[in-house]
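Asker: Sequence lines, in order, name chains E and Y. Under this note's numbering, residues 1 to 382 are what the first sequence spells out, in order. Under this note's numbering, residues 1 to 382 are what the second sequence spells out, in order.
In case anyone wonders, no lab produced these hints; they're calculated from the structure. Since no wrong hints were added, every one of them can be taken at face value.
What follows is a set of in silico ranges between Cβ atoms, one per label pair, in the way DEER data are often shown: (1) Y:Ser330 to E:Gln230: 19 to 25 Å; (2) Y:Gly364 to E:Pro33: 21 to 27 Å; (3) Y:Glu34 to E:Ser18: 19 to 25 Å; (4) Y:Ala370 to E:Glu260: 51 to 57 Å; (5) Y:Lys259 to E:Ser18: 29 to 35 Å.
Just so it is clear, CB atoms sit at the ideal spot from N, CA and C, and this is done for glycine as well.
2 protein chains.
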Amino acid sequence: MGEKQLLMIPGPTAVPQSILLAGARPMINHRGPEFKAALEECTEGLKRVFQTSHDMYILTASGTGGLEAAVVNMLSPGDLVLSVSIGVFGDRFADIAETYGARVEKMDVEMGQAADAERIRARLAEDDRREIRAVLMTQNETSTGVTNDLATIGPIVREHGALLLVDGISSLVAMDCQMDAWQMDVLVAGSQKAFMIPPGLCFVAINDRAAAAMEQAKMPTFYFDLRKAQSYLKQGQTPWTPAVPQVFQLQAALKLLEKEGLKECFARHARLAKATREGVKALGLKLLADEACASNAVTAVRRPEGVAVADLRKLMTEKYGVVLAGGQRSLKDEIFRIGHLGYVGEADIIATLGLLGLGLKELGVGVDPAAGVQAAVNSLGG
Amino acid sequence: MGEKQLLMIPGPTAVPQSILLAGARPMINHRGPEFKAALEECTEGLKRVFQTSHDMYILTASGTGGLEAAVVNMLSPGDLVLSVSIGVFGDRFADIAETYGARVEKMDVEMGQAADAERIRARLAEDDRREIRAVLMTQNETSTGVTNDLATIGPIVREHGALLLVDGISSLVAMDCQMDAWQMDVLVAGSQKAFMIPPGLCFVAINDRAAAAMEQAKMPTFYFDLRKAQSYLKQGQTPWTPAVPQVFQLQAALKLLEKEGLKECFARHARLAKATREGVKALGLKLLADEACASNAVTAVRRPEGVAVADLRKLMTEKYGVVLAGGQRSLKDEIFRIGHLGYVGEADIIATLGLLGLGLKELGVGVDPAAGVQAAVNSLGG
Numbered sequence: 001m002g003e004k005q006l007l008m009i010p011g012p013t014a015v016p017q018s019i020l021l022a023g024a025r026p027m028i029n030h031r032g033p034e035f036k037a038a039l040e041e042c043t044e045g046l047k048r049v050f051q052t053s054h055d056m057y058i059l060t061a062s063g064t065g066g067l068e069a070a071v072v073n074m075l076s077p078g079d080l081v082l083s084v085s086i087g088v089f090g091d092r093f094a095d096i097a098e099t100y101g102a103r104v105e106k107m108d109v110e111m112g113q114a115a116d117a118e119r120i121r122a123r124l125a126e127d128d129r130r131e132i133r134a135v136l137m138t139q140n141e142t143s144t145g146v147t148n149d150l151a152t153i154g155p156i157v158r159e160h161g162a163l164l165l166v167d168g169i170s171s172l173v174a175m176d177c178q179m180d181a182w183q184m185d186v187l188v189a190g191s192q193k194a195f196m197i198p199p200g201l202c203f204v205a206i207n208d209r210a211a212a213a214m215e216q217a218k219m220p221t222f223y224f225d226l227r228k229a230q231s232y233l234k235q236g237q238t239p240w241t242p243a244v245p246q247v248f249q250l251q252a253a254l255k256l257l258e259k260e261g262l263k264e265c266f267a268r269h270a271r272l273a274k275a276t277r278e279g280v281k282a283l284g285l286k287l288l289a290d291e292a293c294a295s296n297a298v299t300a301v302r303r304p305e306g307v308a309v310a311d312l313r314k315l316m317t318e319k320y321g322v323v324l325a326g327g328q329r330s331l332k333d334e335i336f337r338i339g340h341l342g343y344v345g346e347a348d349i350i351a352t353l354g355l356l357g358l359g360l361k362e363l364g365v366g367v368d369p370a371a372g373v374q375a376a377v378n379s380l381g382g
Numbered sequence: 001m002g003e004k005q006l007l008m009i010p011g012p013t014a015v016p017q018s019i020l021l022a023g024a025r026p027m028i029n030h031r032g033p034e035f036k037a038a039l040e041e042c043t044e045g046l047k048r049v050f051q052t053s054h055d056m057y058i059l060t061a062s063g064t065g066g067l068e069a070a071v072v073n074m075l076s077p078g079d080l081v082l083s084v085s086i087g088v089f090g091d092r093f094a095d096i097a098e099t100y101g102a103r104v105e106k107m108d109v110e111m112g113q114a115a116d117a118e119r120i121r122a123r124l125a126e127d128d129r130r131e132i133r134a135v136l137m138t139q140n141e142t143s144t145g146v147t148n149d150l151a152t153i154g155p156i157v158r159e160h161g162a163l164l165l166v167d168g169i170s171s172l173v174a175m176d177c178q179m180d181a182w183q184m185d186v187l188v189a190g191s192q193k194a195f196m197i198p199p200g201l202c203f204v205a206i207n208d209r210a211a212a213a214m215e216q217a218k219m220p221t222f223y224f225d226l227r228k229a230q231s232y233l234k235q236g237q238t239p240w241t242p243a244v245p246q247v248f249q250l251q252a253a254l255k256l257l258e259k260e261g262l263k264e265c266f267a268r269h270a271r272l273a274k275a276t277r278e279g280v281k282a283l284g285l286k287l288l289a290d291e292a293c294a295s296n297a298v299t300a301v302r303r304p305e306g307v308a309v310a311d312l313r314k315l316m317t318e319k320y321g322v323v324l325a326g327g328q329r330s331l332k333d334e335i336f337r338i339g340h341l342g343y344v345g346e347a348d349i350i351a352t353l354g355l356l357g358l359g360l361k362e363l364g365v366g367v368d369p370a371a372g373v374q375a376a377v378n379s380l381g382g
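Same shape as in the complex, but just chain E:
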């Protein structure tokens, strides 16, 4: 089938043809009126997606660059930070803070579980001297397919007074994320996830409390200095030359999203995620995540006994053109992950489950190969 692929990984995700071509427009001056219009339109559109009325910056970097921007613009060396990590990306956020000299207290959670709001409340309550300057959290942990309940946790952190810095890289657009209502102070997203555009940009929103903290922050930063981004945005520019094609593509993607509607988009992701889980279970496989906190963006599946993850992924890619993700770190050989975020529909889920059934059978797993697709279709119709 040559290049025909179902890219079912949690990012970069498949990009609609119209958005691919939006990036192929002739180059323009990044300090001219046409780029200014595009940047301003994107900034306003992103605020609607983040459900915030506050400041939004578009940076040329991967999501990790956005996390670095969140840390270095808000904190000073020596600041105490509570890192609530439920997986690889939560750990990365903590690593960044540590690299720049924060004192990081880790609150680790077992892989596959969500953060415990009451444990966070209790820890913050102990901090009667208000030493904890910020709490770092991931809304959706891509490595385990688990979503944290930020609607509950946000107000708990606000009550204490610490800044809440949220990694929303794989959650924005795929699930509800109300920056202002849920009291997040900094929220970061990336272009290559549910936004349906290629990698190259990240988005960092900061509210008034964060803007005030930024004035005091002393970690060194140049490329990711949001004060520079702030001052250039007033002229409709970015401080450094931006990834212009991805800005054109963001403009196009925001139009598609507004056409679908945010709520409808969240509902689609929830419906597809449910069908994926039902299909996987019907194939006799076990989910890593507790279903109560299972992600609508990515599903992590434990490998069937006797099957190596690498062999399954290789077969699925090479024979069927279905690209699945493996596990990371300690889960490397234990799970595979199905991304179902962004430009994904019923057809992709049905095809993936059907082909996964065939792949498992071929690898000697004693299972009805059609059981998964049957359950997925029933879930979608239910």
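Position chain Y relative to chain E; hints supplied.
Answerer: Relative to the frame of chain E, chain Y by itself:
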């Protein structure tokens, strides 16, 4: 003429249609075999362009991100650094070093002049305790259209022993730059200049001396940590999700460059730059740069008396579709700049000079509007 434009600014530059479309390929897994092949091909191709046999890293950021990578991976807070600045971008390199805690000694040069190799030699000779850890230089200063003689300066710095960190963002591909032969330790370039691809990537090459310095460097860095880039490149990957379309585009651009030949490409830039200067002078305008050090990538031109730079640029863009750059900082209202790097040919230079003549006439400059294009054509034919 709608979107038809001659983008004559010193970056982002015009992108060939075939390269625009190379970026519109369906998205792929950035940790899969297809991306690995592209990344490795690009890395090797870039080494040939940089004329180096050493390590090459492709980062998702603008050129400024590459300069930050050069600084933070090589230096420690408190290190003494000699910054030889001949304009805005030289100053930016120094600002980055200062931001991360280096002690920066500035050796400033008048705008429009190149760095004085003998002055650098003398300063380094004074440093008998070898306190100067690194020298920061720009090969081609985009703000003034001046090129430094790195072939002479490189060996002077090496003799002292300091690391030579070079900003080659607007020079690579547009002019000869022999990283190894000229004894540069770190060399940085950006995608959106003479490489003919959109912004989004920067390239950082480091030699063995720089790799050894990196092991000792103590400035904090996470996103731009080249040690992480080094370890991932061994597996054909980048540590963070890269701007995949620009990597596809780099692959295509390197093929075009190899077809043209590096030497032929430098000669083309020299020929077009000369024709531009001859044309501009024939229109009675004055060059900012001393012709002995005038850049083959960009020409800075003093505004004619009685004409505001903003008015000239507005007329040229809106009436003729020729996009010129203004000046920066103290030169903001004093010069305009013509970029002639990357995907640019004789036709672009002739058209630009012809239209510039018409524009000047329209703004009341008493000049034969055809004098510029006549001189340019003669220069190209000579």
